[in-house]
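As given, the protein sequences belong to chains A and B, one line each in that order. If you read the first sequence in the working numbering, its first letter stands for residue 1, the second for the next number, and so on. If you read the second sequence in the working numbering, its first letter stands for residue 575, the second for the next number, and so on.
Among these hints, one or two may not hold up.
Each computed BS3-like pair below joins lysine-lysine, with the alpha-carbon atoms no more than 27 Å apart [unchecked claim]:
no., chain 1, residue 1, chain 2, residue 2
1, A, K47, A, K492
2, A, K13, B, K627
3, A, K251, A, K163
4, A, K23, B, K830
5, A, K18, B, K830
Pairwise CB distance ranges, derived in the manner of DEER restraints [said to hold, decoys possible]:
no., chain 1, residue 1, chain 2, residue 2, range
6, A, L546, B, T782, 57 to 63 Å
7, B, E599, A, L32, 49 to 55 Å
8, A, Q95, B, R838, 33 to 39 Å
Calculated Cβ distances over 12 Å to all of chain A for the following chain B residues [stated by the list, open to error]:
no., residue
9, G640
10, S799
11, T802
Calculated from the structure, these hints are not laboratory results. In this text, a Cβ means the ideal position worked out from N, Cα and C, and glycines have one as well.
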Amino acid sequence: MIENFYSDNEDLKFHMEKMVDWKKIVQLKENLGSSDCNYENAEEALKTYLEMLQDPIGEIAAKRIAPRAAEVDKIGCAYENGEVKFPDGLKKNIQDLTDAQLMGITIPTRYGGLNMPKIFYVAATEIISRADASLMNFFGLQGIAETISVFASEELKQKYLPKMCSGEWTGAMALTEADAGSDLGAVMCKAEIDASQNPETGEWKIKGTKRFITNGCGDVILVLARSEDPQKYGGGRGLSFFIVPKTPAVKVRRIEHKLGIHGSPTCELYFDNAPGYLVGQRGRGLAKYTAWLMAAARLTVAAQAVGICQAAVAEAVKYANEREQFGKKIKEFSQVADMLIDMQVYTEAARTLLYVTSQIIDLQEGAEMRGIKEDERKYSKFADVLTPLAKYYACELCNKISSDAIQIHGGNGFTTEYPVERLYRDARITNIYEGTSQIQVNWAILRILKGDLDELFKELSGKRYAQADLNALSDKVRKSQEALKECVEFVKGKETEYRDVVAKKVCDIVVDLLVSYLFLAQAEKWDYKRKVAKKFIQDALPRIELNRQYVLSGNGLELDILNQQDSPVAAGSR
Amino acid sequence: MPYNCAVIVREIWDTRDLVGTVLKEDGGLNEAVLTTRFEPEDLNALEMALQLKDKQGGKVTAISVGQPRNVDVLRECLYRDVDAVVRVDVPSVKDFDTATLARMIANTAQKAGPFDLILAGLDIVDGENSLLGTHVAASLGVDAVTYVDALDEIAPGRVVCKRQIENGSEVVETKLPALLVVGVALLKDDPRTPRSAKATLKLKHKKTPIPVSTLQDLGIGDPASLKTTVLAGYEGIPQRVIESKQVDPNDEPSLKSMLDDIRRGG
């Protein structure tokens, strides 16, 4: 049995110990030296963070959660008489997280939380997800408490946060409806308030149905509902955000039967005039609060994806070391070794983007808190592009890597005897929920075309190294960066439809360039990463060229293939 | 009704995943390449005490001897919500035999107590002899039960526990105060599986001063006088070299010869 999911993960440790600018983050986050701060200086804070990742987080993940994952997946959640039943393993997992006091990681200490930076929470989420990806949907719901902490009134914070931090109450976010999935502006669920009540503090009545609600059976639900007259404020402008506590008026109608993440109940909810309380301002439910919550959730799902990648790589390497064919270990066959190398390098690539993004979000939130306008503007611009990119990249990769892990296992991987099939099933939701990959690309491309990453690229490409080989690689990447400029200029001059067709390719170029530069920066601090950087850049440069040619081709969609009445593609739907 | 417990906790060599040479040429330990960990059996004993506290109330006090090397076991105890800790302030446990250590612990317990129960893990550091607990019991003049797997019942003046014996277990009752040597947790979901640290306690106790007792505080003048054994000689363990052999599975004579080798202990 692996003893600890933090201390056995050299790459994660490297990021935490060597790559994160903790000093800056801690100075923004904490009032160092004051009586309400847990630390005297940044070093002490960092030491505490790292110790905490090891124990309780890495410890619980490896020794308690991971051994229960197969059973939780096999039994799954059930629905009986309006109630959701959890498998025993899940109950124990939640109890363990609660006992270790890990349910309010980023929430200020005055509400019972730990006031830790986002990047710490992301690392914890990666570790927990590696042990059981479905448990992320409880652990990762801390974003709900965080949303309350950032936007709700002091009264609501006092009422809800302490019990959410202690684990006594779990949360859910109810945004999606049957006809409002990616298009949340179409939400129909209604919120009404009696004219005698103060809308800011009074009791609203929520009525309507929500679908695909993770942990909808939880105690505190954040609901996106239509509070304004649709004639006056249509679409997203008519939506507000509400805290709806669990009452008999919140009914779980059914739970979904899903391909994976069986340890996470996905509920259909009916709000039958359920009492709700306004969070923040009316009419800003979608544009501000949902956007904020979704950005947080995207980062968490990216962490979940990296956790799955790590689990898949670990299983594949273990199997390839043990399994012998033709008288030798299968990892000694070049094709298998090639797959294993790719799995490892791309897990590291996804992790790199994840933690750089997390760090930038910490710097942005810190600057906002301290009123450092210039930094806030800069980092928030970066974060708005990097968050969807990190989610898109990690989630697509975790599908590929978990699939490759099955391939390494051969027929055994296709059976339930080995954990890789579970990882593969669990991976499949990551590039769907909290915004599909396509939605992430849509978000990112607009900002890439606006030049929101230019400053970051300038910083990264301008970096010079003490070692000649790193400079040589950096020069190659810089040359390749011309492709991005060309593509951006070309796409800007085209119509929206064309932009949408090539958006993914442009995003791929951006990610390849970013990760190449970031790996080079890592190579400066860890010799092993020189090899990783070299391998990644070797892969990335021809990929960038391929994508460049595709983008610059000017070829749009061959829609005729889809639309032609007698085409074989359309045959199934006739 | 609340019961107060003392738990003996130790830092031991971490012998998991050893790579490279850990023995010196003379067979002694190459301490420079080793790290340490919290004695896992002591974590079981600690868990038993904490579960009793969760259920019945009372205080848990952790006692350790010597200075921390890589892991401060007493601080780890604070992170798991013990109420008090005491370190016996001697440079190193290596200088003392089991009887001497037991006297130090017993005197500490007497000073910090009274306790209803004193718990120790099965000892793997005294050459698998598991004697520290029983020595402490003897020093204190209380009853000892070894290989305890579970506390079945506790009531004023008495405790009933289940202990492992060969081919099964037996239930024994003894009077309080008593010393229990807690067995090895083997099952994944053994109710005794030790808990992890608590996050807020980690924040709270990261710099809490650890109280110390000197030998003088414990009324021990010359620890050498407590020694019951004298090291008369030392012979290191020769490094075992096991050579692997490849046997053709289709060749019957080689298979038979392999079986013969195994029978001979080759």
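Tell me if the beta carbons of L546 (chain A) and T782 (chain B) are separated by a distance inside 57 to 63 Å. holds (59 Å)
Taking the CB of Q95 (chain A) and the CB of R838 (chain B), does the distance hold inside 33 to 39 Å? violated (52 Å)
Minimum Cβ distance from G640 (chain B) to chain A greater than 12 Å, as the annotation requires: holds (22 Å)
Between K251 (chain A) and K163 (chain A), is the straight-line Cα distance small enough, at 27 Å or below? Given that 27 Å is the threshold and the Cα spacing comes to 22 Å, the pair holds.
Verify the proposed pairing of K47 (chain A) with K492 (chain A), using a straight-line Cα cut of 27 Å. violated (47 Å)
Just checking, S799 (chain B) versus chain A, shortest CB gap more than 12 Å? Given a closest Cβ separation of 40 Å, the condition holds.
Please work out if K13 (chain A) and K627 (chain B) have their alpha carbons no farther apart than 27 Å. violated (36 Å)
Does the alpha-carbon distance linking K18 (chain A) and K830 (chain B) stay inside the 27 Å limit? Violated, because 56 Å separates the two Cα atoms, which is more than 27 Å.
Distance restraint between K23 (chain A) and K830 (chain B), which requires alpha-carbon spacing of 27 Å or less: violated (66 Å)
Checking a non-interface call: every C-beta of chain A should be farther than 12 Å from the C-beta of T802 (chain B). Is that right? holds (37 Å)
If I claimed the Cβ atoms of E599 (chain B) and L32 (chain A) lie 49 to 55 Å apart, would that claim hold in this structure? holds (50 Å)
Against the hints set out earlier in the document, violations occur for numbers 1, 2, 4, 5, 8.
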